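Undergrad: Listed below are the residues making up each chain.
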Amino acid sequence: MSVRYGLLALLRRGPMYGYQLRSAFEESTGGTWPLNIGQVYTTLSRLERDGFARALPGQDSQRPYEITEAGLADLEKWFTTPVSRTERPRDELTIKLALAVTTPGVNVTDVVQRQRSATMRALQEFTRMKAREHGPGDLSWRLVLDAMVFQAEAEIRWLDHCEATVLRHRPAHPTPTSPAAPDPSTQEAHSR
Amino acid sequence: MTMLELDAVHRTHGTGDTAVHALRGVTLAVATGELVAVMGPSGSGKSTLLNLAGGLDAPTGGTVRVDGQALGGLSRRKLAALRRRRIGYVFQELNLLPSLTALENVALPLELDGTSIGKARRLALASLGDVGMADLAGRFPEALSGGQQQRVAIARALVGERRLVLADEPTGALDSTTGEAVLRVLRARVDAGAAGVLVTHEARHAAWADRVVFLRDGLVVDTSGPLAQPEELLAS
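Protein chains in written order, with our numbering: chain A, 2 to 193; chain S, 74 to 309.
Chain A on its own, in the form it takes in the complex (with noise of 0.2 Å):
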């Protein structure tokens, strides 16, 4: 997602000045997200370039934005057509563990510990944010959490399997050139 879709929803709202925005954006994402005013007005400058957007007559130089019939057409596809997950950026401990389970002399399931164990510290921070709620408080906010909730959880299970698939994993032709000083995870596995 780009910040102009960001600040489109948030234009939808009513018109808004662009530290308005800022302050809204970041609430908006319980300040996961923090945004530069710089980022801001370089935005606003090309929503307004690309119709979806236009400045009202302010007072000095502050002048407040509001969305266009384009800029909310555009806002409606952004709510209704899927996140493509092709968009997302290459995921760095997916490529290490690829990368782990075929380079000689790493111990697998130490790299999968290991994260698991930064991966839950991360999950009890974020529950203890949950803990300190109480009430309906900011559903944005409650929202954003949730879902680092979930995405570590969900890199917790993966991380759990591949330490079942690794201490299950057999290879279907043995290679004649095993390392040496092969790794204690795949001596584990080859033995069970």
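The hints are simulated quantities; they were obtained by calculation from the structure and are not laboratory data.
Any given hint could turn out to be false.
[What the hints assert, rightly or not] Computed from the model, here is a short list of chain A residues facing chain S with C-beta under 8 Å:
#, residue
1, 114
2, 122
3, 124
4, 128
5, 154
6, 158
7, 161
8, 165
[Unchecked claim] Cβ-to-Cβ under 8 Å is the rule here; a few derived chain A residues that face chain S:
#, residue
9, 118
10, 121
11, 125
12, 132
13, 150
14, 157
[What the hints assert, rightly or not] Beyond 12 Å from chain S on every Cβ pair, some chain A residues (computed):
#, residue
15, 3
16, 17
17, 81
18, 98
19, 99
20, 140
21, 170
Everything numeric in this text was worked out from a predicted model, so none of it was measured.
No residue lacks a Cβ here, since even glycine has one placed at the ideal position from N, Cα and C.
Here the structure of chain A is known, so what remains is to put chain S in place on it, guided by the hints.
TA: Chain S in isolation, oriented as in the chain A frame:
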């Protein structure tokens, strides 16, 4: 104050070539006000650990202490009394007796221990109040939702002087929102002055604990505690 202590605990089933080493030297301490989650794959020793902590099973090596008392040194009668007075359990299901109301279910361990019915029910009502279930004290389990039943089970686990709750997948049969509500209650009761051990395979539930202990093949392979700088999580 340390409520539960496992010191170099071993549990081996069988002997010789067929021996199964369920726990191989586990050391763990749980203090009042602390909730510890135990995670690990099937067969890693999670349930064995919980059974030993609750005195339902005896270790083949090492020591288990509850509230300062070594369980191995107690007669069967004293061990049973300690279990009734100090330790409560919450399971995934089959927690409550269907023919008793919520209040009667919670009062039952006290009544079995010789407490008068009037006092047992007063304490049971207070414990139900602690989990937000006082208004439904007269209901039978079938008239309660799954989440409400687990809250009653937590009330029973910590009724009277009981200060150690051992929970085995307590949210397993619940949807995610209800499960979270049950864990909130468990967390609050532990914060109010109990010690808890939570066995779960769900990381999202384990995250309610102060510490998460990872078991594999009967050994503690790692422990995850609080982050030094949690604010970095949000800035990344």
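Undergrad: All hints are to be evaluated individually against the structure, with a verdict given for each.
TA: Taking the hints in turn, this is what the structure says about them:
Interface hint status for residue 114 of chain A: upheld, as the beta-carbon distance to the closest one in chain S is roughly 5 Å, under 8 Å. With a least beta-carbon distance of about 5 Å to chain S, the hint placing residue 122 of chain A at the interface is held under the 8 Å criterion. Residue-level restraint check for residue 124 of chain A holds (minimum Cβ-Cβ distance to chain S is 4 Å; threshold 8 Å). Interface restraint check: residue 128 of chain A against chain S, minimum CB-CB distance 4 Å, threshold 8 Å, status holds.
Taking 8 Å as the C-beta cut-off, the interface hint given for residue 154 of chain A holds, the closest approach to chain S being about 4 Å. For residue 158 of chain A, the shortest C-beta to C-beta distance to chain S is roughly 7 Å, which falls under 8 Å, so the interface hint holds. Here the hint on residue 161 of chain A is kept, as its CB sits about 7 Å from the closest CB of chain S, short of 8 Å. Hint on residue 165 of chain A holds. Least Cβ distance to chain S is approximately 7 Å, under the 8 Å limit.
Annotation: interface hint on residue 118 of chain A holds; nearest CB of chain S at approximately 5 Å, less than 8 Å. A hinted interface residue such as residue 121 of chain A counts as satisfied when its beta carbon comes closer than 8 Å to some beta carbon of chain S; here the least separation is about 4 Å, so the hint holds. Taking 8 Å as the C-beta contact cut-off toward chain S, the hint placing residue 125 of chain A at the interface holds, the least distance being around 5 Å. Interface hint status for residue 132 of chain A: upheld, as the beta-carbon distance to the closest one in chain S is roughly 6 Å, under 8 Å.
Interface restraint check for residue 150 of chain A: the shortest CB-CB distance to chain S comes to about 6 Å, inside 8 Å, so the restraint holds. About 4 Å separates the beta-carbon of residue 157 of chain A from the nearest beta-carbon of chain S, less than 8 Å, and the hint is met. A cut-off of 12 Å between C-beta atoms confirms that residue 3 of chain A is not in contact with chain S; the least separation is 19 Å. Listed as a non-interface residue, residue 17 of chain A keeps its Cβ farther than 12 Å from every Cβ of chain S; the least gap is roughly 24 Å.
With a closest Cβ-Cβ approach of about 26 Å to chain S, residue 81 of chain A is found to remain outside the 12 Å limit, as its non-interface label requires. Non-interface status of residue 98 of chain A relative to chain S is upheld: no Cβ of that chain comes within 12 Å, the nearest being about 17 Å off. With a cut of 12 Å on Cβ distances, residue 99 of chain A stays outside the contact zone with chain S, its closest approach being about 22 Å. Its beta-carbon lying about 14 Å from the closest one in chain S, residue 140 of chain A satisfies the requirement of being farther than 12 Å from that chain.
Every C-beta of chain S lies more than 12 Å from that of residue 170 of chain A, the closest at about 15 Å, which supports listing it as non-interface.
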